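Respectively, the protein sequence lines represent chains W and A. Residues 0 to 138 in numbering that gives the first Met the number 0 are what the first sequence lists, from first letter to last. Residues 0 to 138 in numbering that gives the first Met the number 0 are what the second sequence lists, from first letter to last.
Certain hints may be false.
Identical chains share a label here; the pair holds if one copy fits it or two copies do between them.
BS3-like cross-link-like pairs, simulated, lysine-lysine; straight-line CA separation at most 30 Å [to be verified]:
| id | residue 1 | residue 2 |
| --- | --- | --- |
| 1 | 100 | 114 |
| 2 | 100 | 33 |
| 3 | 9 | 132 |
| 4 | 45 | 23 |
| 5 | 23 | 48 |
| 6 | 114 | 45 |
| 7 | 137 | 23 |
| 8 | 19 | 53 |
| 9 | 118 | 137 |
| 10 | 48 | 68 |
| 11 | 132 | 67 |
| 12 | 132 | 68 |
Rather than coming from a laboratory, the hints here were simulated on the basis of the structure. Keep in mind the model is a prediction, meaning the values are calculated, not measured.
Protein chains: 2
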Amino acid sequence: MLNNSQYIDKLRSSGLRPTKQRIKICEILFNSQKTFHFTINDLVEKISKATNDKISLATVYNTVHAFKKKGYLKEIPINSDQSYFDTNTSHHHHFYDESQKDLIDIDDADVEPVKINTKIPGKKIRSVEVLVKVEDIKS
Amino acid sequence: MLNNSQYIDKLRSSGLRPTKQRIKICEILFNSQKTFHFTINDLVEKISKATNDKISLATVYNTVHAFKKKGYLKEIPINSDQSYFDTNTSHHHHFYDESQKDLIDIDDADVEPVKINTKIPGKKIRSVEVLVKVEDIKS
DNA sequence: TCAACAGTTTAGAATTATTATAATGTAGAA
DNA sequence: TTCTACATTATAATAATTCTAAACTGTTGA
């Protein structure tokens with residue numbers, strides 16, 4: 000749990016001006032012990048519940064992308080009509096529940112290291128992500 | 000390499016009417032030895048090169064989704080503004096080249112089986128997909 | 001063979017997510 | 001405090017996808 004001055008430091012140290020919109024978004028994204036997944040839409044709703052000052056949609060997009068670029072958020076690839084982001088930036092994987100359209104973390108420790116026995120010349124690996132799609136047993 | 004009557008059988012046997020639009024799209028997608036990746040946009044371009052009869056965009060979407068549902072195409076999850084599809088429906092994985100925005104198959108044999116040591120009650124695994132993001136070594 | 005129906009295609013409108021624009025506002029350095 | 005570069009904002013623009021309703025066409029069965 001960080002207080003505002005810690006968010007200000009965090010933003011400033013990564014070259015982002017600590018504007019009140021960014022601080023508010025930090026509070027919403029990083030104040031919880033638990034990490035979580037969200038879409039831009041989810042975040043807009045959280046903001047409108049958390050404050051009376053509206054933050055424009057464009058700012059929400061800009062801020063999320065800035066935070067992603069700085070490594071404070073990860074984007075999660077799912078077959079989806081919208082982008083999912085994750086406040087958990089540690090290396091981990093995901094279940095995607097196709098029945099409930101729900102995304103669930105898989106701790107990195109719960110996945111045996113993935114061994115890839117091939118490579119592409121001139122390229123280096125940036126990340127290895129596992130997506131496990133699940134569905135209701137009965138279906 | 001299948002000829003049209005084989006596509007007609009294939010469509011009919013899966014409960015899809017063999018209309019001329021669907022047959023044309025089959026020719027474009029499944030006539031090659033090599034499997035490939037495409038976006039809806041790519042497919043529309045291929046169609047317009049391959050034939051003088053235009054196929055409407057809505058039909059392309061409908062057909063691709065119908066083929067996906069029947070298991071003739073797979074959708075590939077990537078952080079992207081558009082959906083990627085794969086004519087290779089066998090179990091395999093992908094490299095995604097972030098420098099070139101290019102998608103490359105990884106043969107299933109080149110990935111050691113992924114072991115997940117956790118599960119979700121009431122859910123069964125439908126698929127396990129590995130996405131390896133790569134970039135230029137120099138970057 | 002052919003009429004009838006259900007499934008398809010179609011053009012275009014509608015919707016949704018995201019990005020661009022340009023004017024206004026503001027944090028931070030001097 | 002003032003200035004300047006960076007941010008925010010509302011709105012428009014764009015792009016991908018889905019919806020709609022009318023026209024069309026395989027297929028079935030008489």
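30 Å Cα threshold - placement of residue 67 relative to residue 132: both (24 Å within a copy, 16 Å between copies)
Same-copy or cross-copy closeness of residue 132 to residue 68 [CA-CA at most 30 Å]: Classified as both; 27 Å inside a copy, 16 Å across copies.
Up to 30 Å CA-CA - residue 45 versus residue 114, copy category: Neither: 39 Å inside a copy, 36 Å across copies.
Identical-chain pair category, residue 19 with residue 53, by Cα at 30 Å: For residue 19 and residue 53, only the intra-copy Cα distance (11 Å) is at most 30 Å; the inter-copy one is 52 Å.
Status of residue 132 relative to residue 9 across identical chains (alpha carbons, at most 30 Å): This pair counts as between: shortest inter-copy Cα distance 28 Å, intra-copy 35 Å.
Within, between, both or neither: residue 23, residue 48 at alpha-carbon 30 Å: Within one copy only: 12 Å inside a chain, 51 Å across chains, cut-off 30 Å.
Copy assignment of residue 118 with residue 137, given that the CA separation must stay at most 30 Å: between (39 Å within a copy, 16 Å between copies)
Status of residue 23 relative to residue 45 across identical chains (alpha carbons, at most 30 Å): Classified as within; 11 Å inside a copy, 47 Å across copies.
Same-copy or cross-copy closeness of residue 137 to residue 23 [CA-CA at most 30 Å]: For residue 137 and residue 23, the Cα distance exceeds 30 Å both inside one copy (43 Å) and across copies (37 Å).
Copy assignment of residue 100 with residue 33, given that the CA separation must stay at most 30 Å: within (20 Å within a copy, 33 Å between copies)
Intra- versus inter-subunit Cα pairing at 30 Å for residue 48 with residue 68: Result: close within a single copy only, 26 Å intra versus 39 Å inter.
Within, between, both or neither, where residue 100 and residue 114 count as close if Cα-Cα is 30 Å or less: both (29 Å within a copy, 23 Å between copies)
The structure does not agree with the numbered hints 6 and 7 stated previously, though it agrees with the rest.
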